[in-house]
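**Q** Residue numbers (my numbering), protein chains in the order written: chain A, 549 to 704; chain B, 2 to 158.
Hints in this document: simulated from the structure, not taken from any laboratory. Computed from a predicted model, the values in this text were never measured in an experiment. All clues given are correct.
Straight-line C-alpha distance at most 25 Å; calculated DSS-like pairs for lysine-lysine: (1) K130/B / K666/A; (2) K20/B / K666/A; (3) K130/B / K20/B; (4) K145/B / K608/A; (5) K561/A / K608/A; (6) K145/B / K130/B; (7) K666/A / K561/A.
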Amino acid sequence: MQTMDTLENLIVKHPFLSELNPHFYHFFNDCALHRRYEPGQEIFHEHGNAEHFYLIHSGKVALETFVPGRSRVTIQTLGPGEALGWSWLFPPHQWHFSASATEPTELIEFDAASLRDKVEENRDFGNELVTRVARILLERLQGTREQLIDVYRMRP
Amino acid sequence: MNDSLESAVVSHPFFRDMKPEHQEFIARCATEATFKREDILFREGEPASKFYLIQSGRIALEAHEPGDETVLVRNLGAGDVLGWSWLFPPFIWHFQARALEPSTAIVLNGAHLLVAAERNPGFGYDLMKRVAQVLVQRLQTTRKQLLRQQIESIMEG
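Next comes chain A alone, as it looks inside the complex (with noise of 0.2 Å):
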């Protein structure tokens, strides 16, 4: 039998939140709804405005761009506890991939323009957001760095 978790416990409980702040959550769960997609279906795409951003409850997300001559190529594969899309947080608020789940995959998505409001208006909460973001996007970068150092050594 399956427990039905509140949009609230999803958000509780994700990893990307984890010990917040309590006066924080709020932010999230009020501009937040809870997405389903089927494998295959796209959750945004390249070039188009970024207006969410996604915490991943389950299920799997391929991070994807267009190739001309290849089509579409995976730059990454996100799963549960991870955070999808970062940018909503700066001009131009335009995608730079596209996102499709491989899986049946749950999100919890945020409306970023309400998100984008709330860390101007509370510096508190916005300093906690963009620490929070960065500490994920150094994370990342240093995981593709990685993979580039290995593609390097294993060619001549």
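Use these hints to put chain B onto chain A, whose structure you have.
**A** Showing chain B alone in chain A's frame:
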């Protein structure tokens, strides 16, 4: 701190248009450094405590290989920032940085920046947003670079 260093800090592209009260936090922990060709700014695995704003010259960010070989991660020059490992635990450099030519940089004390960010969330937000913006650009560039390399490998293979 002297006026010329202060104006150098605030005119660096990374801190462009920062509020004067926030500039003060930066200026208070800034020093200037010059590097000769082949000087090592930091080594992989060493404790990370400094944030570099490059003013002139060229710095290579490299991964150290067994057998004393290095693999270039990227080159950085005037207007670029260097070094993120002071931001988050374990506070250990992930790569090595080496001067490829005579270079100058403003060096900021990372611990000081972190304390200032915690005590003053307005400053913390401003600093971290700038950090995140550069990280996002570098991540996007690195992903595209990786993709190109992987595609070339497939074509060659």
